[in-house]
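As given, the protein sequences belong to chains A and B, one line each in that order. Here our numbering is used: the first residue of the first sequence is 1491, the next is one more, and so on. Here our numbering is used: the first residue of the second sequence is 1491, the next is one more, and so on.
Incorrect hints may have been included.
Said to hold, decoys possible - Here chain B is said to cover these stretches of chain A; the calculated rule only asks that three of the stretch's residues, wherever they fall, bring their Cβ under 8 Å from a Cβ of chain B: (1) 1491-1499; (2) 1737-1751; (3) 1754-1764; (4) 2003-2009; (5) 2042-2049; (6) 2072-2083.
Stated by the list, open to error - FRET-style restraints, in silico, Cβ to Cβ: (7) A/ARG1767 to B/PRO1508: 50 to 58 Å; (8) B/PRO2087 to A/LYS1982: 20 to 28 Å; (9) A/ALA1763 to B/SER2078: 24 to 32 Å; (10) B/MET1658 to A/GLY1587: 54 to 62 Å; (11) A/LYS1526 to B/PRO1541: 51 to 59 Å; (12) A/HIS1699 to B/PRO1538: 37 to 45 Å; (13) A/ALA1763 to B/PRO1508: 57 to 65 Å; (14) A/HIS1699 to B/PRO1569: 54 to 62 Å; (15) A/VAL2095 to B/GLU1952: 55 to 63 Å; (16) B/GLU1866 to A/LYS1649: 58 to 66 Å.
To be verified - Taking lysine-lysine and the DSSO-like style, the derived pairs with C-alpha atoms no more than 27 Å apart in a straight line are: (17) B/LYS1540 to A/LYS2049; (18) B/LYS1775 to A/LYS2049; (19) B/LYS1633 to A/LYS2049.
Hint data in this document are derived by calculation from the structure and do not stem from the laboratory. Beta carbons are placed, not taken as given, at the ideal position from N, Cα and C, and that holds for glycine.
Protein chains: 2
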Amino acid sequence: MLPVPFTNVKITDEFWAPRLKTNREVTLPIEYKHCKKSGRYDAWKWKPGKPKEPHIFWDSDVAKWLEAAAYSLATHPDPKLERQVDAYVEMLEAGQGKDGYLNSHYSLVEPDKRWSNLRDCCELYCAGHLIEAAVAYAQATGKEKFLDVMCRYADLIDKKFGTKRGQMRGYPGHQELELALVKLCRITGEKRYLDLSKFFIDERGRQPHYYDREAHKRGDEPRHFHFRSYAYNQSHLPVREQKEVVGHSVRAFYMYTGMADVAAETGDRSLIAACKRLWVNATQKRMFVTGGIGPTSANEGFTIDYDLPTEKAYAETCAAIALVFFAQRMLHMDADSQYADVMERALYNGVLSGVSLSGDRFFYQNPLAVFPALNEFRTHHESSRRQEWFGCACCPTNIVRMLASLGGYIYSQGKSEARINLFVDSSAEMKVGKQNVQIQQATKYPWNGKVKVTVRPERPAEFTLSIRIPAWCRSASLSVNGKSISASRNKKKGFARIKREWRPGDRVDIDLPMPVERIEASPKVRQTCGRVALQRGPIVYCLEEADNGNNLNDLSLPKDAKLSSTRKKDFLGGVNVITGKAVRRRTSDWNRELYRPSQSRTETVKFTAVPYYAWANRAEGEMLVWMHEG
Amino acid sequence: MLPVPFTNVKITDEFWAPRLKTNREVTLPIEYKHCKKSGRYDAWKWKPGKPKEPHIFWDSDVAKWLEAAAYSLATHPDPKLERQVDAYVEMLEAGQGKDGYLNSHYSLVEPDKRWSNLRDCCELYCAGHLIEAAVAYAQATGKEKFLDVMCRYADLIDKKFGTKRGQMRGYPGHQELELALVKLCRITGEKRYLDLSKFFIDERGRQPHYYDREAHKRGDEPRHFHFRSYAYNQSHLPVREQKEVVGHSVRAFYMYTGMADVAAETGDRSLIAACKRLWVNATQKRMFVTGGIGPTSANEGFTIDYDLPTEKAYAETCAAIALVFFAQRMLHMDADSQYADVMERALYNGVLSGVSLSGDRFFYQNPLAVFPALNEFRTHHESSRRQEWFGCACCPTNIVRMLASLGGYIYSQGKSEARINLFVDSSAEMKVGKQNVQIQQATKYPWNGKVKVTVRPERPAEFTLSIRIPAWCRSASLSVNGKSISASRNKKKGFARIKREWRPGDRVDIDLPMPVERIEASPKVRQTCGRVALQRGPIVYCLEEADNGNNLNDLSLPKDAKLSSTRKKDFLGGVNVITGKAVRRRTSDWNRELYRPSQSRTETVKFTAVPYYAWANRAEGEMLVWMHEG
């Protein structure tokens, strides 16, 4: 099974379509401006002694913006945007070395230091992002120049790195190139790009350790590595021996994505097994309820199993996006709905929270509780306000490309199967075997779980239509052309599989009831004991001060409290809110004492919860996902 | 009123006496060894090019050890210990400059940089600690050499600093000298030491700011100050304009102590008012239930009102000790039991937790919850194990002097009043006016609230005996020579005041019932909402993994759960434990899911809570003060 490419999917729904429009019309242009203003876009014009010296990761920021522009151009032609991309490609080509070398920092600032610090300096990471952008741009526009430029660079890297005499046995300190090379292989048909990706993956973590040798060569002590352990960049062990998701989360999940890509191409069982082990550890022990990952700012990543803080959660926007990538790859290696469940959880919550409803402000970190009064003691990455831009601008440029390519995550196609992974009002042109099939979903998802699917094969044909039954849904029902069928009896690994001869206009009705659920986390998650999160359908909710006053932590939800969901069309871009009654201690009972013998008299208060992704779009205030219960 | 000096108090009780013995016989010698081994003790012998170069704060560590040695020598003569002190004093005298200058770092390592960076470099801080030690040593032994050396240094400082032409208008970057100079004034009778202390206090925070000018002079940009705001060292405003306790907690509370000392000597009303305001802010909004202060490691100090984390609490041992100092000064300026209540809270909990029962291991940080699995992601300051020593050894040397001088905190004496501040089985020789009075307490406090006080004036005399009625006690009862009197009717600012003609052998019986209390914190403390701490008498309790298994956060105390206190003589050096029944989720109900719709079935489990001060004296494991309730 392969994803149906986003170019074949038309998103028409009330939830995503306005967001994608904002992404296109606000986010893309504003990020162009930030890239111009900060010097990123014009990095190749920089001259020594001038300000805005190209930073080691700048190419990657522009690259993600280019990739997003490409996705946008594929579905919404825009000459001005296309000129902006082309102009950058011109600069890139002009800046490329005769040998194919291409990195604005190392080409212009430190030409003698190329390849000398793979561990810290993002050189191969930038290459990967530029390759992804070039692939997307070729797919979107048919223009090949960008791709040619990047192939020349990839060829240089392929010559430099490898196990042959005279080659370097290094690998990216920030993984990304691995997955990009598989994309490059797929579009060019050149297997050596896949082999190079496989080399990077196989070489990683071997002893003697490349980063030790590299450090010595620089005259550096390996033990002076800022992050101490190579677990930071997942090179502490060969990848097939890794059992826990560790270190920097974005590095980790880009690598797992690349591993899954290589495994999908090669069928490498030990690599597939490693991917599955890491998936299990991540999703059963190290993932926030929002689909965010990475608890701590210390390494922008992981600590230990079940360490899932609320206020201190790092949950970088990029990391949730990387989890979506990995989930999508796993889903196409193993048709199990758990991968799509996680993908959905991240997309609707921890990814989407990364950008404001207005499309022009961004979160780097996505905590699960916020107390703005502490902002002055935190960095702007950790602020309770979305920011316009960051010195390290990975998150804004990542979310713009994620949203622009969303169409590619909804459907999958195979020889005898068409599959619906996500519920989005949309239509898709698929190839099921040799047959062209149009699948259309009509739905108000995620606010309503009713989905009408219309199947339109060119002509009647037997194949399986697989429909994901979300893990959050306890009582799905299905009917085909009005005739009820058992969802559970037809379910395999979480997908209802309907095999029949499909005729143009056949209809499947899906009903996924969406009561408000109280979610509890494992008792091993110490930070959420005694607390519940509210979820309805795929949407995780939170309390905001704007609706509920402050001291949100003192609200407690009685175990028997009724919870209602109400549609509010003109609120926060159109959402369902959850309302109910909770209790809180009477503050009027308190004088000035800080501690006293417990005598808590409570009062009943109404509360309103809003979707987590929509928080921080009003007055700044407290926010809380996990609410006390009892 | 003045404290009855510790030299006149004999502590005989089962709680403190064994601790003071350990302090004397284990802690003092072991700290001497650490000071020798690390190079601190022999700093004055250091030669350029040799290892163990004297660090800018080393003098202060040895000074606190010297001070502790002095207290110990006063009550327990020990020729070996006295020789160790004398030998150091010899080195000190030999190292002293002709002008009186005395700092091992600046004298030996950077002689040209004296007085150039008061903001960061602890020069005046070291002076203060050495003065405190010299005063204590003179009081303890009658030997004057150390005091003479320090007077010469104080005279130099007095010459260097001031408002006269040619003098520097600087002040300590780490406050401490202010309170030391008041001690020096009291022992020598030299008012200029008090004036110098007052100068430092009055000058602090004035504009143009001394640290700005000083930085410029060094060729440094003031805005490059690592801690950004001068709130870090409480020089952001003149001290009389300060309303909140901010910045580094030890700096803050040493300064407040110095302010109170100067205010007591001068009667300066604006200074008294500032002290009271800061006290109120500290104890009503910024103090842990253990009497610890300072929530964050970022500045080793304060953030905002009601920010009182549990697991992340910094609560430095030194800061709790500094709070005891400030409380004691306030108590002697204003006979209000709230000061003694806080002093007691800190002493029995957040101070005492700083040292192991064995006396040879120390906490720098005293968090209110601990998850040892996270140790590898934290510094050794933040470890869940007490450490043998620290590179910055302020806490071990502070607690050894605190305990050695404990006797000085129990009683106060005035013209017509004798006062009991703390309940400790002990006897004290006091001066009430011109009358010698012996007061004796017989009690099993803090495990039992019955206290028998015997009053023995030389001859019958009228005066007031004031006895603190602790704020934790809801129903104190009192009797004099067997005849009951009303505690509440005789109470003034928290002290029961019994004025009568006292005759030798008169007895007061105090009964302070000690039920187990559930303590709640203000709803504004977000980290403890929905939770209670257990307290009995002055002792705050915690749960440890050794008694209760792990996942302590998942324990929940039903509101109606019965709580019992049981004496355990041979457990943790003799404690009362609290036992009861709590509920926890059945982990057997959980498969591998991380999140699920709430369906929590619970099981009832017995739990045991131990005194907070005694935690981490067994197998390493989780610890929790604030327990879920409901």
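Consistency of the hints with the structure:
no., hint, in the structure
1, 1491-1499, "violated (count 0)"
2, 1737-1751, "violated (count 0)"
3, 1754-1764, "violated (count 0)"
4, 2003-2009, "holds (count 3)"
5, 2042-2049, "holds (count 4)"
6, 2072-2083, "holds (count 6)"
7, A/ARG1767 to B/PRO1508: 50 to 58 Å, "holds, 53 Å"
8, B/PRO2087 to A/LYS1982: 20 to 28 Å, "holds, 23 Å"
9, A/ALA1763 to B/SER2078: 24 to 32 Å, "holds, 29 Å"
10, B/MET1658 to A/GLY1587: 54 to 62 Å, "holds, 59 Å"
11, A/LYS1526 to B/PRO1541: 51 to 59 Å, "holds, 54 Å"
12, A/HIS1699 to B/PRO1538: 37 to 45 Å, "holds, 39 Å"
13, A/ALA1763 to B/PRO1508: 57 to 65 Å, "holds, 58 Å"
14, A/HIS1699 to B/PRO1569: 54 to 62 Å, "holds, 57 Å"
15, A/VAL2095 to B/GLU1952: 55 to 63 Å, "holds, 58 Å"
16, B/GLU1866 to A/LYS1649: 58 to 66 Å, "violated, 40 Å"
17, B/LYS1540 to A/LYS2049, "violated, 68 Å"
18, B/LYS1775 to A/LYS2049, "violated, 31 Å"
19, B/LYS1633 to A/LYS2049, "violated, 70 Å"
Consistency note: the structure conflicts with the earlier hints numbered 1, 2, 3, 16, 17, 18, 19.
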